[in-house]
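K.L.:
Sequence:
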Amino acid sequence: MNRLMVFLDAVRDHLDLHHLPPTASVTVTAWSDPLVVQLDVTELSAVAAGLLRWVSTLDEVSVSIWRPRSSDRVHLAIHGRTPCGVPVQVYGGVRFDEMTFPDLPEGVRQDMPVFVLRGWADAGEVAA
6 MNRLMVFLDA VRDHLDLHHL PPTASVTVTA WSDPLVVQLD VTELSAVAAG LLRWVSTLDE
66 VSVSIWRPRS SDRVHLAIHG RTPCGVPVQV YGGVRFDEMT FPDLPEGVRQ DMPVFVLRGW
126 ADAGEVAA
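Convert by adding 5 to the 1-based position in the sequence shown; the result is the number in the working numbering.
There may be inaccurate statements among the hints.
Simulated restraints on C-beta separations [what the hints assert, rightly or not]: (1) V31 x S69: 14 to 24 angstroms; (2) R78 x M10: 34 to 44 angstroms; (3) T28 x G90: 14 to 24 angstroms; (4) R123 x M10: 33 to 43 angstroms; (5) R8 x G112: 35 to 45 angstroms; (6) E111 x M10: 35 to 45 angstroms; (7) D38 x R58: 21 to 31 angstroms; (8) V121 x D18: 29 to 39 angstroms; (9) G112 x V41: 18 to 28 angstroms; (10) V113 x C89: 28 to 38 angstroms.
Everything labelled a hint here was simulated from the structure, so no lab data went into it. Please read these numbers as outputs of a predicted model, since none were measured by experiment. All C-beta atoms in this analysis are idealised placements derived from N, C-alpha and C, irrespective of residue type, glycine included.
Could you build the full structure based on these sequences and the hints that come with them?
P.N.:
And the structure:
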């Protein structure tokens with residue numbers, strides 16, 4: 006069996022094992038690039054909740070936030086590994102709001118703690 010099929014089997018097994026949120030897209034390569042999953046939600050609380058569902062299934066998790074230049078969007082992303090070692094990046098985009106993201110200038114990518122996602126999963130929370 007070729008390397009791509011082994012990788013796809015590992016991804017399928019992970020998705021079958023966990024009840025993960027709906028996705029808009031999945032990008033898979035057989036190299037060292039991570040499996041990239043885009044969530045199919047756009048509200049902050051839904052994106053945060055979706056990312057948290059993925060966090061509970063991955064090892065070595067880190068969280069980042071990024072505001073692209075000339076965009077009204079903010080990308081929230083997690084990076085981690087499935088228990089069998091497949092690298093994964095899961096992200097979702099939300100509308101930029103000065104009240105929610107007061108310290109996030111255009112073009113900046115920042116690491117952030119997982120607990121911030123937990124706060125946002127409950128609608129109405131403001132970034133720390």
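K.L.:
Against this structure, judge whether each hint is valid.
P.N.:
Checked hints:
For V31 and S69, the Cβ-Cβ distance of about 19 angstroms falls inside the hinted range of 14 to 24 angstroms, so the restraint holds. For the pair R78 and M10, the supplied restraint of 34 to 44 angstroms holds, since their beta-carbon distance comes to about 35 angstroms. Distance hint for T28 and G90: a CB-CB separation of about 21 angstroms, consistent with the stated range 14 to 24 angstroms. Remark: the range hint 33 to 43 angstroms for R123 to M10 is upheld by a beta-carbon distance near 37 angstroms.
One distance hint, 35 to 45 angstroms for the beta-carbon pair R8 and G112, holds here, with the actual separation near 36 angstroms. One distance hint, 35 to 45 angstroms for the beta-carbon pair E111 and M10, holds here, with the actual separation near 42 angstroms. Taking 21 to 31 angstroms as the suggested C-beta distance range, the pair D38 and R58 conforms, at roughly 23 angstroms. With their beta carbons about 30 angstroms apart, V121 and D18 fall inside the hinted range of 29 to 39 angstroms.
Taking 18 to 28 angstroms as the suggested C-beta distance range, the pair G112 and V41 conforms, at roughly 21 angstroms. A hinted range of 28 to 38 angstroms for the beta carbons of V113 and C89 is consistent with their spacing of about 34 angstroms.
Hint violations for this structure: none, all hints satisfied.
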